[in-house]
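Working from the sequences, and respecting the hints, build out all of it.
One letter stands for each residue in the lines below.
There are 2 protein chains.
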Amino acid sequence: MIGSPEVKCGLCDATKGNIVFSSQKWRVVMVEDKHYPGFCRVIWNEHISEMTDLSDQDRNLIMQIVWKVEQVIRDIMGSHKINLASLGNMVPHVHWHIIPRYTDDPHFPNPIWSPLDIEESDVTEKLKLLPRLKLELETRLCNFDQSHS
Amino acid sequence: MIGSPEVKCGLCDATKGNIVFSSQKWRVVMVEDKHYPGFCRVIWNEHISEMTDLSDQDRNLIMQIVWKVEQVIRDIMGSHKINLASLGNMVPHVHWHIIPRYTDDPHFPNPIWSPLDIEESDVTEKLKLLPRLKLELETRLCNFDQSHS
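Top line first, the protein sequences correspond to chains A and B.
Residue numbering for the first sequence follows the working numbering, starting at 141 and increasing by one per position.
Residue numbering for the second sequence follows the working numbering, starting at 141 and increasing by one per position.
Each hint can be trusted.
Copies of the same chain look alike in the list, so a pair counts if it works inside one copy or between any two.
Straight line, CA to CA, 30 Å or less: simulated DSS-like cross-link-like pairs of lysine-lysine:
1) LYS174 with LYS274
2) LYS174 with LYS221
3) LYS165 with LYS274
4) LYS221 with LYS165
5) LYS156 with LYS221
Think of the hints as simulated: they come from the structure by calculation, not from any bench.
Okay, here's the thing in structure tokens:
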């Protein structure tokens, strides 16, 4: 249930964050992370803990969105690698991190959760790409959503 | 190409590791991690960098294996949460980490790649479950493989 008062979970409020596209069952937000411009999250709207708690159909649906977002990030951001993760230890509500990695990002080649090696990295050029990323995500996710509803 | 001499990649050698089940296109290994008994990896045999480099069919196939492995780990290991990740920054060859998290594991609730809080955690009881995990993985993956080939 979206925003159900019974569930106290930061991800149950489907209005929070920099929302790129919102569908009935899922939404995509752009994450404001100073080291990782282009970082996006795909969030399942219903409060479900694990991927294997979803039906086959819904599991397939959310992964289709993850692949769409991964492809748009690759097309626009010039990332070196994509990292995908569904963790949810603090917030057990299904959500996927889609993280563009750059060879000069402050954790590369380690995971972004590892200790920080360098305090600042220069992401000026990447920040300029964000409006284009947002537009491309909106367009392609809207197209996907219309063709699957 | 499996074990192709042109590709120097640790994951291209499909004979390495504690293999639980090996199919034509993928394999599953159990990871020896003293803090995370039950940690498994699903490895795509071909040297492919990103999930969006796979065909729709192959991408769906590897995710079906990930869900199978997640379900078996949940059924056997009594984990509190499952973490899924496809990173590949050091080894750009598609592989999925399926990590059972325990409330008393040394990183919980942080990602396993974050700085270690406690040097040792008691996993004695979890280690006893590993033979059963291996048997259950072998059985269910074999059944899946036979029904999809």
